[in-house]
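With chain A fixed as given, assemble chain B onto it according to the hints.
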Amino acid sequence: MTKIKFRLNGKPVAIETDVNRRLLDVLREDFELIGPKEGCGEGECGACAVLMEHEIVNSCSVPLANCIGKDIVTIEGLSTTSRYTVIRKAFEDEGAVQCGFCTPGMIIATESMLSKNPHPTDEEIKIGLSGNLCRCTGYNMIIKAIKKAAKDGDGLW
Amino acid sequence: MVKTSIPKNLAEALSVLSKEKYRLVAGGTDMLVQNRNRATLPIKYKDNVMYIANLEELFGITEDEETIYIGACEPLEAILENDLTPKLLKETILEMASPAIRHTGTLGGNIGNASPAGDSLVPLYLLNAVIEVKSETETRRLRIQDFIQGVRKIDLADNELITKIIISKTEFTKAYFKKVGPRLSDAISKLSFAGAITFDNDIILDLRFAFGAVNITVVRRPEIECLYIRKTKEELKASVNEIVEAYSKFIRPIDDQRSNKEYRKKVSINLLKSFIEEL
Chain A
1 MTKIKFRLNG KPVAIETDVN RRLLDVLRED FELIGPKEGC GEGECGACAV
51 LMEHEIVNSC SVPLANCIGK DIVTIEGLST TSRYTVIRKA FEDEGAVQCG
101 FCTPGMIIAT ESMLSKNPHP TDEEIKIGLS GNLCRCTGYN MIIKAIKKAA
151 KDGDGLW
Chain B
1 MVKTSIPKNL AEALSVLSKE KYRLVAGGTD MLVQNRNRAT LPIKYKDNVM
51 YIANLEELFG ITEDEETIYI GACEPLEAIL ENDLTPKLLK ETILEMASPA
101 IRHTGTLGGN IGNASPAGDS LVPLYLLNAV IEVKSETETR RLRIQDFIQG
151 VRKIDLADNE LITKIIISKT EFTKAYFKKV GPRLSDAISK LSFAGAITFD
201 NDIILDLRFA FGAVNITVVR RPEIECLYIR KTKEELKASV NEIVEAYSKF
251 IRPIDDQRSN KEYRKKVSIN LLKSFIEEL
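Chains as they are written, first to last, in my numbering: chain A, 1 to 157; chain B, 1 to 279.
The following block holds chain A by itself, in its conformation from the complex:
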């Protein structure tokens, strides 16, 4: 058992636990943040994506030991921001959500790419989404939603 401190959704947190646990399990079980999902459990699907230091990471592939002192934001934390409001509206307007399992990861990927590149091209959006699988919408609507979010949220990123 080791005491680990980091920032979670904007607040400092401390937890005494086994540092060999996956960040995903700590988020879901200890903090009851169930937005990040376990899809493949090996870093191929992006359903568990969260932001670490403002960049997308797969929480199933991050050991808790690597989170010491880091800033972690889950979809729950992002959902309180004005950027999220714009992304959510764009996803709704473009029909970019169907079953919803991949959606938290897709929105984390959107935030991560727009924070580095506020006006991505189609090709850059595809690279930004390349680690996230969706088995319902077929991606085109998600790509459209991201373009719409970038346009409607101009200046937010």
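None of these hints come from the bench; they were simulated from the model.
C-beta: ideal position from N, C-alpha, C; glycine also.
Please note that a few of the clues may not be correct.
What the simulated footprint calls covered on chain B by chain A, stretch by stretch (three residues with Cβ under 8 Å from a Cβ of chain A suffice, anywhere in the stretch; the number is not a length) [claimed, not checked]:
1. 22-29
2. 51-65
3. 98-109
4. 126-132
The following block gives chain B in isolation, referenced to the frame of chain A:
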């Protein structure tokens, strides 16, 4: 009960390693999958484990006149975004995994993992990369082909860790990396290829080929490459069958869940041919 170490700096890490054996975990993107436990239980390591991803001494990319130095724990995405990174390595990293994995996965980790299908190894062999390893008392620099000894076998003592990847600055007239996998992202290569050539007018000054996932380690054969130095482009093109034959001996892939040996061999040879024929 296995021990866990999270050293605060490189000196502490090397001191702990000098006393006891630890498995090293950098970004964890391979180690967590390889040692995965059931359901939501902690990762189940068989040995002591040391987490090194946050050791600041292992970050950053620096240069001097002729050389680039990449910190072993520099994340792949940061290497991709850095202006100092050689173009061929950038092209390769862009085809590795996905942004999420590249934000945590490291170049030192890809080398230490020493998978025959490790994508970054192909351009690193081609670029004559040198691996720097340190223990508490010694620093060693090894050529990558000497550091990687076989499938998941590396020349790293229990008291050492990889600190830097050292690459000479080299300009090529033409160089590229090609990966063949089932999906554009997050796919482990069925096979990969890198070629590089430098001309002065039509005279070849430098020629290099490297093949991934077709032998226990990356295939690079300087003794074949050097036969065509000072030859002309047309002479090289006329020698394509002889070059294919020379490499065929070393392209010895296996059947596994990702591909089979016939396909791997055929496509590797086709990539070599097309590199030469398109010059």
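Structure-based check of all given hints:
1. 22-29: holds (count 4)
2. 51-65: Result for this restraint: holds, n = 3.
3. 98-109: Holds, because 6 residues of the region 98-109 of chain B bring their Cβ atoms closer than 8 Å to Cβ atoms of chain A.
4. 126-132: Result for this restraint: violated, n = 0.
Violated hint for the displayed structure: number 4, the only one.
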